[in-house]
Amino acid sequence: MKMLEMNREAPAEWMDWEKQYYDQYDEDVCNAIGLLQSVLMETRPSFALGMVTLLAFSVPISSATLLFSAFQIGKTIFSSFGLC
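In the working numbering, the protein residues as written are 20 to 103.
Read the hints as simulated data drawn from the structure, not as lab findings. Just so you know, even glycine gets a beta-carbon here, dropped at the ideal spot from N, CA and C. Check before you lean on any hint, since a few could be wrong.
Claimed, not checked - Label pairs and their calculated CB-CB ranges: (1) Ala67 to Leu102: 44 to 52 Å; (2) Arg27 to Thr72: 37 to 45 Å; (3) Ser98 to Asp45: 33 to 41 Å; (4) Leu102 to Glu28: 50 to 58 Å; (5) Ile80 to Arg27: 37 to 45 Å; (6) Leu85 to Ser65: 26 to 34 Å; (7) Ser65 to Leu86: 29 to 37 Å; (8) Ser98 to Ala75: 33 to 41 Å; (9) Glu28 to Lys94: 27 to 35 Å; (10) Glu37 to Phe90: 20 to 28 Å; (11) Thr84 to Ile52: 24 to 32 Å; (12) Phe66 to Asp45: 29 to 37 Å; (13) Tyr40 to Leu73: 37 to 45 Å; (14) Ser98 to Gln43: 32 to 40 Å.
Sequences are here, hints too, so could you generate the full structure?
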């Protein structure tokens, strides 16, 4: 595993754009985390907790709604063929 981590070359089967981006990946992640940290340091704690709570509840609810809609569409398609 350590040999894989120390090898900084992109795998040969990757496309050219992936190989080009692979070199800058760590820098981009650090920049994104730094930006997130600076934004969070400037917000009020209650607002940040409220946003995290909103996100924590909205993702499962929207996923459940999407899944329910997909089941309804599937049920409609199957019933039109007389399979359900």
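Quick rundown of the hints versus the structure:
no.: 1; hint: Ala67 to Leu102: 44 to 52 Å; in the structure: holds (49 Å)
no.: 2; hint: Arg27 to Thr72: 37 to 45 Å; in the structure: holds (39 Å)
no.: 3; hint: Ser98 to Asp45: 33 to 41 Å; in the structure: violated (52 Å)
no.: 4; hint: Leu102 to Glu28: 50 to 58 Å; in the structure: holds (51 Å)
no.: 5; hint: Ile80 to Arg27: 37 to 45 Å; in the structure: holds (41 Å)
no.: 6; hint: Leu85 to Ser65: 26 to 34 Å; in the structure: holds (30 Å)
no.: 7; hint: Ser65 to Leu86: 29 to 37 Å; in the structure: holds (32 Å)
no.: 8; hint: Ser98 to Ala75: 33 to 41 Å; in the structure: holds (36 Å)
no.: 9; hint: Glu28 to Lys94: 27 to 35 Å; in the structure: violated (50 Å)
no.: 10; hint: Glu37 to Phe90: 20 to 28 Å; in the structure: violated (36 Å)
no.: 11; hint: Thr84 to Ile52: 24 to 32 Å; in the structure: holds (31 Å)
no.: 12; hint: Phe66 to Asp45: 29 to 37 Å; in the structure: holds (30 Å)
no.: 13; hint: Tyr40 to Leu73: 37 to 45 Å; in the structure: violated (32 Å)
no.: 14; hint: Ser98 to Gln43: 32 to 40 Å; in the structure: violated (51 Å)
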